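Note that the protein sequences, when read in sequence, are chains H and W. Position 45, counted from 1, in the first sequence is what our numbering calls 45; the numbers after and before it change by one each time, with no gaps. Position 53, counted from 1, in the second sequence is what our numbering calls 234; the numbers after and before it change by one each time, with no gaps.
What the hints contain is simulated information worked out from the structure, not anything from laboratory work. Keep in mind that a hint or two might mislead.
Pairs of lysine-lysine, DSSO-like flavour, derived with a Cα cap of 27 Å [as the list claims (entries may be wrong)]:
#	chain 1	residue 1	chain 2	residue 2
1	W	Lys-189	H	Lys-148
2	W	Lys-205	H	Lys-72
3	H	Lys-154	W	Lys-205
4	W	Lys-201	H	Lys-174
5	H	Lys-167	H	Lys-154
6	W	Lys-205	H	Lys-79
7	H	Lys-26	H	Lys-9
DEER-style ranges, computed between Cβ atoms [what the hints assert, rightly or not]:
#	chain 1	residue 1	chain 2	residue 2	range
8	H	Gly-163	W	Gln-190	34 to 40 Å
9	H	Asp-21	W	Gln-190	27 to 33 Å
10	W	Glu-186	H	Asp-80	34 to 40 Å
11	H	Val-108	W	Glu-186	24 to 30 Å
Keep in mind it's a predicted model, so treat the numbers as computed, not measured. Virtual Cβ for every residue (Gly too), placed ideally from N, Cα, C.
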Amino acid sequence: MIPGDALVKVTLETINQMQADGIIGKYAIGGAVGATLYLEPAATLDVDIFVTLPAAPGSLLLSLAPIYDYLKARGAGVKDEHIVIGGWPVQFLPPSSDLEREAVAESVAASVEGVTTWVMSAEHLVAIALRTGRAKDHIRILQFVEQKAVDRGKLQSVLERHGLTLKWLQFEKKYLEGAHE
Amino acid sequence: MSNQEMRKQLAALSFSEKVKILEKLRDRSLAFAAGGPRKKPAESGNQVKRSKD
């Protein structure tokens, strides 16, 4: 890959085409690229796409195989758990909880150089980061709070709906106590 | 400009502009990973000219 050759716009155009062709259902960008809609850009090497998949007829199992087959037929390469589209490694993640399903369903429209795409709401990104709970997730939550990029009322209701209130109180106690004074 | 102001300004950019920055950050990370940071050339007085044998 030549530096400067990797374009998110191309990645998103391909994913939108895949959606139009019926390979995937609704999708939403999460992770660091999703957070970029609300925060300052932070270095990341991949794109996390949470994607709903149509179940194969007669099967209850969801498979990422149709995505890989579709994209490989169009020249995409596979690298570890990622598939490289437009030069960007993309990880397709079927929602694994009600929180992630809601995050995809309630994602917001955004545009990258004229290409429409879907990004998780700030409140869902924070809730998912809280549940994931790695150090980098905590840093991201703090950025959302410090930059007032999250609606605290909406966040509260997402946290309550998904049983994360206690975890949030623990996070607040550890990282935010005294921050509002 | 303080770090805080700089972050505010960056956060206020459009998604397209921020994605452009993401692309540059990623290119830079990959360049570092591939060959490390480019070293500054030594000052001319200290340079050793290499000639092909």
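Status of each hint after checking the structure:
1. Lys-189/W x Lys-148/H: Holds, because 10 Å separates the two Cα atoms, which is no more than 27 Å.
2. Lys-205/W x Lys-72/H: holds, 26 Å
3. Lys-154/H x Lys-205/W: violated, 33 Å
4. Lys-201/W x Lys-174/H: violated, 35 Å
5. Lys-167/H x Lys-154/H: holds, 16 Å
6. Lys-205/W x Lys-79/H: holds, 21 Å
7. Lys-26/H x Lys-9/H: Satisfied, since the Cα-Cα distance of roughly 18 Å is no more than 27 Å.
8. Gly-163/H x Gln-190/W: 34 to 40 Å: Distance hint for Gly-163/H, Gln-190/W holds at roughly 37 Å.
9. Asp-21/H x Gln-190/W: 27 to 33 Å: violated, 40 Å
10. Glu-186/W x Asp-80/H: 34 to 40 Å: Distance hint for Glu-186/W, Asp-80/H holds at roughly 39 Å.
11. Val-108/H x Glu-186/W: 24 to 30 Å: holds, 26 Å
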